[in-house]
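Undergrad: Each chain, letter by letter, is given below.
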Amino acid sequence: MEQLQLLIGRLLLIGVFISLIFVAVGGCFYLQEHGSDIVHYQVFQIEPKNFSLSKIIKDALSSSVGAIQFGLLFLVFVQILRVGLTLGIFVKLKDYIFVAITSFILLILIYSLIRLL
Amino acid sequence: MTILTFSLLLLIISYLAGFVGALTGLGGGIVLIPALVLLFHVDIHYAMGASLISVMATSSGTAIAYLKNGYINIRIGMFLETGAVIGALLGAILVAYLSTNLIAVIFGLFLFLSAFFTWKRNEEKEIPATASHPWSEYLRLNGSVPTTKGIKPYKVQNAPLALFIMTIAGSLSGLLGIGSGALKVLAMDQAMRLPYKVSTTTSNFIIGITAAVGAGVYFSYGYINPVLTFPVLIGVLFGALTGARTLTKIASKTLRTGFAIVILVLGIEMIYKGISGNL
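Chains as they are written, first to last, in the working numbering: chain A, 1 to 117; chain B, 1001 to 1279.
Isolated chain A (complex conformation):
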C-alpha cells in the first residue's frame, strides 16, 4: 500500500515535470516570437473555438502555443492517471466499496473531458 502510494507521488512529480517542460519551452518560443509585441488585452482572446483533443496533440510540436496547450492538458491527464492508480490499489486490496468510490471519481473526471473529443 505505502509503496503504491509513493508510486502515485512519483508519477505526479514526473507528470508535473513533463508538463512544465512543454509549457516552459513553448512559452520561451512564444516570447521569442511575440515578446516585443505590445499587449492589447485582446491578445488574450485568442482562444480557438474549435478546440479538440486531436488538434491539441497535433499542435503540440508544431507551434509554441500548441506546446503550452499540450503541457496544460497533460496535467489533466496526470490526474486521471493518479485516480486510475488509486483505483488499482483498492482493487488489489479487494476493498470493493472504495473500488466503487474511486471508479465514480474516475468516471466524472473522464466525463468532464468528453466535450473535448
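Hints in this document: simulated from the structure, not taken from any laboratory. Owing to the predicted nature of the structure, the values given are computational and were not obtained by experimental measurement. Hints are supplied without guarantee of correctness; some may be wrong.
Stated by the list, open to error - With a Cα cut of at most 25 Å, we get these calculated PhoX-like pairs of lysine-lysine: (1) B:K1197 / B:K1253; (2) B:K1068 / B:K1120; (3) A:K94 / B:K1197; (4) B:K1155 / B:K1068; (5) A:K92 / B:K1068; (6) B:K1120 / B:K1155; (7) B:K1155 / A:K94; (8) B:K1155 / B:K1197; (9) B:K1149 / B:K1197.
With the hints as your guide, set chain B onto chain A.
TA: Same frame as chain A, now just chain B:
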C-alpha cells in the same frame, strides 16, 4: 507594455501568490485571481482558468513529500472527493451561464469567508474526537498520524456533514477557478475533527483532482488561455514549492491576520467592481 514585460510581471505576482498561498494553506488562487483581474485587467474567466491549472500543478507537485511522511489519508480523501467532483462539474458548467459581474461578486463573498476562516483558525486548539461516526467505521476512515510522540491514532467524526461541505467546496472550485482550501479545511478540521496535518495535506492532495474536473470543462469553454497561463503556472508552482519549504511550521498568527486583511480588501474591491459593472 510589451508581452515580455507583461509575462515577467505575471510571473512575479504568481510566484508571490503561490508562496503566500502555501504559507497560509489557502492556495494561490484566491490572491492570484483578484490580482490578475484588478491589477492586470485580465478577463476573469482567463484568470480563473490559469488559476485552476496552477492548483492542479501545485497539488501534484507537492503530493510526494506529504505521501512520504504519511500524513495523507487517501481513504478520507477519496470519500470526500466523490462530493467534490460532482460539485466541480456542476460549478464549472454553470460558469458559462453567469455574468462576469455576478462571478466577481460571488468571488468577493468567498474572499470574505476565506478571510474569516484564516483569521479564526487556531490549530493549537485542536480537539481530537473521542468517538467516530458510524460511516467512518464502515468505510474505515479512521487512521493514525506520526507525531513527535510516536504514531497517534485518530477518529473521524461527522462524515456526512464533511461530504456535504466538500460538495459545496467542489462547486466553488469549479465556479471560481480556485482550490477552495478554506471550505475543505472547514470540512476536515471542524466537521471531521482530523488532526491539522492530516486535513491540510489530504486537502492539498485531492484538490488537484477537483481542479482537473473544472479544468476539463474550462478547456472546452476556451477559458484556458495558454499564453496567459504559461507564466502564471510556473510562478505559482515555484512559489508554492518555496513556500512549503520555507515554513514547514504553520504560519504565525500575525502573518495570518495580515493575510486575512489583504483578502478582505481584495474581496471588497471585487464586489465593488462587480456591482458597479466595472469588469
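Undergrad: All hints are to be evaluated individually against the structure, with a verdict given for each.
TA: Here's how the hints hold up against the structure:
1. B:K1197 / B:K1253: holds (17 Å)
2. B:K1068 / B:K1120: violated (30 Å)
3. A:K94 / B:K1197: violated (28 Å)
4. B:K1155 / B:K1068: holds (22 Å)
5. A:K92 / B:K1068: holds (21 Å)
6. B:K1120 / B:K1155: Within the cut-off at roughly 23 Å; holds.
7. B:K1155 / A:K94: holds (23 Å)
8. B:K1155 / B:K1197: holds (14 Å)
9. B:K1149 / B:K1197: With a Cα-Cα distance of about 15 Å, the restraint between B:K1149 and B:K1197 holds, given a limit of 25 Å.
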